[in-house]
Amino acid sequence: MRKVIIPIGPQHPALKEPESFQVVLSGERIMEFSARLGYNHRGIEKACEERTYIQDIYLTERICGICSHSHSSAFVQAVEDIAGLEVPKRGLYIRTLIGELERIHSHLLWLGVAGHEIGFDTLLMYSWRDREVVMDILAMLTGNRVNYGVNTIGGVRRDIDADQLKQIAKAVDTLEDRTKYYIDIATKETTVIERLSGVGVLSHDDAIRLGAVGPTARASNVKRDVRKDDPYAVYAELDFKVVTDSHNDVYGRTIVRMGELLEAYKIIRQIVKKIPDGPIAVKAPRKIPAGEAVSRYEAPRGEDVHYVKANGTEKPERVKVRAPTLANIQTVAKMLEDRQLADLPIVIAAIDPCFSCTDRMISVRNDGQKRANMMKWEDLHTYSIEWYRRKGIDFSKVNEKFKKAVK
Amino acid sequence: MAEEAAIQAELIKKFPFLESKVRVQRARRIYTEVGPEKFAEVFDYAVKNMHFCILCTITGLDEGQVLSFIYHIAREDGTVLNIKRSVPKENPVIKTITPYFFAADIYEREVMDLLGAKVEGLAPGKRYPLPDEWPQDQYPLRKDWKTPSKGTEAKQNA
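For the record, the sequence lines run as chains R and B. Residue 1 is where the first sequence starts when you use our numbering, and the numbers rise one by one after that. Residue 1 is where the second sequence starts when you use our numbering, and the numbers rise one by one after that.
If we strip away everything but chain R, and leave its shape as in the complex, we get:
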């Protein structure tokens, strides 16, 4: 059968963010899959070097909208390591609490997106409704729904009172109830099981070889979790288990994320019970002494790595970020090998990609021009045709045929 190249993205209704995939098809079967990333590059690593540590906390927080707390935590952990700051226990408990609440909202969001991708929009409506419960808690604790602004170098910026702890405990009860219902659906509803089983298969060995992280790896029975292996904040004091599954497919990834939700509730209950009294932060110097540190953080999507190098001034010498999706995107080609094109949206969605995290930089260059150009509709149209033609995709013949047919 003749091979056909289908471009998916950079702008495509099935994608939530700009990224470009090229799929070579034989009939409906995917023969080749390649990804081109970088459409969300915003210059954050470079920008971090030009700003102070305090400004960088807010900048790293904006690397991603969903795992914002993960990035700011990973960054401040590295800086605290370099400066030798001992963060008070209460501060670490609050940081962990926000981190787990973030995991809950991220996993519930994912469940909705996954439901949507398989045409089960009722699940999207339900899970996103329930996600509001955790969003309300986050808004109550931090004043914000996504970029919490809780972290600072040396601790956290906001304390929690007894009444808030009570409300958290109540919300966790509601959420646990709802999650159990979703687990019931995921494990009993035949449409879900049939649609997700055997789709996007990634064997245990491939997951290790390709360097998968987070729930994507754990669903291929790779028992790796930074919270357990390289504990930060107060995870060493908390009792939780690393959820793994050996289905190796999208179904397994669903089971892992649902299991992680239950573990997150368990962690939050322990935090509510154990959180000690005391200060929430220590004062950090404006100038951080020369040094370097590597910080790892288990974000909802997997291991987030930050490297910070300090040079003794109030601005860092280098900030390097490796978001989990960059590690996971390389597994997608394997998952899609010899699969149906119709599986592509759910397989990509199943690694819970976040391209905004993955890329971090674009620089708008307007060489010599005082004002940025606004393209007219016709120019944009011509530009896009030319852009695809350079990628080997040419519709001009088809268009001519079409014109003749219309005449």
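Heads up, some of the hints might be wrong.
Simulated pairs of lysine-lysine, DSS-like, Cα-Cα distance not exceeding 25 Å [unchecked claim]: (1) B:84 / R:315; (2) R:391 / B:126; (3) B:146 / R:3; (4) R:46 / B:146; (5) R:228 / B:48; (6) B:84 / R:46; (7) R:315 / B:89; (8) B:89 / R:46.
Just some of the chain R residues that point at chain B, by a computed CB distance under 7 Å [what the hints assert, rightly or not]: (9) 38; (10) 41; (11) 42.
If you are wondering where the hints come from, they were derived from the structure by calculation, not from laboratory data. These numbers were taken from a predicted model, which means no experiment stands behind them. Virtual Cβ for every residue (Gly too), placed ideally from N, Cα, C.
Could you slot chain B onto chain R? The hints should help.
Same frame as chain R, now just chain B:
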């Protein structure tokens, strides 16, 4: 910290030239710096014989006369070994580590785009993360590259 000390001792025992160059920063964090001629040997030993089987990422640094690359590799128990190597800026050639870690591909493309590293042995592929029409010899993460301010002409790399 016994485990970290053991790793430090093993590295120094195997590679005597690393004496005083292996630094244990805190629990699970070890740093070392290796010259270009010995890098491959140390890296190979750490990956194959010391169970550093996870590649966290590769960090590229512009350090004036040299470009440095830090390979952050980790063990299942959470210990991270950071091996740094430096190459002259005028000819920043490093060898690919994709035979050890398939996932290194994208990290190596990243240092190629952002710092101008030349990676030997890397299979041809799409660039990451800069746009296709990005001008050559423009490496945004080098220290002499300045972010163009709004409305002014983009500063060319001298």
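Quick rundown of the hints versus the structure:
1. The suggested pairing of residue 84 of chain B with residue 315 of chain R holds, with an alpha-carbon distance near 22 Å, which does not exceed 25 Å.
2. Using a Cα cut-off of 25 Å, the hinted pair residue 391 of chain R and residue 126 of chain B holds, with the two alpha carbons roughly 11 Å apart.
3. The straight-line distance between the Cα atoms of residue 146 of chain B and residue 3 of chain R is roughly 45 Å, outside the 25 Å bound, and the hint therefore fails.
4. Restraint check for residue 46 of chain R and residue 146 of chain B: the C-alpha separation of about 9 Å stays at or below 25 Å, so the hint holds.
5. The straight-line distance between the Cα atoms of residue 228 of chain R and residue 48 of chain B is roughly 24 Å, inside the 25 Å bound, and the hint therefore holds.
6. Distance restraint check for residue 84 of chain B and residue 46 of chain R: the Cα-Cα separation of roughly 21 Å lies within the 25 Å cut-off, and the hinted pair is therefore satisfied.
7. Distance restraint check for residue 315 of chain R and residue 89 of chain B: the Cα-Cα separation of roughly 24 Å lies within the 25 Å cut-off, and the hinted pair is therefore satisfied.
8. Only pairs whose Cα atoms come within 25 Å are accepted, and residue 89 of chain B paired with residue 46 of chain R is accepted, the gap being roughly 19 Å.
9. Here the hint on residue 38 of chain R is kept, as its CB sits about 4 Å from the closest CB of chain B, short of 7 Å.
10. Hint status for residue 41 of chain R relative to chain B: holds, with the closest Cβ pair at about 5 Å, below 7 Å.
11. With 7 Å as the threshold, the beta carbon of residue 42 of chain R stays out of range of chain B, its nearest partner Cβ sitting at about 10 Å, so the hint is violated.
The earlier numbered hints that this structure contradicts are 3, 11.
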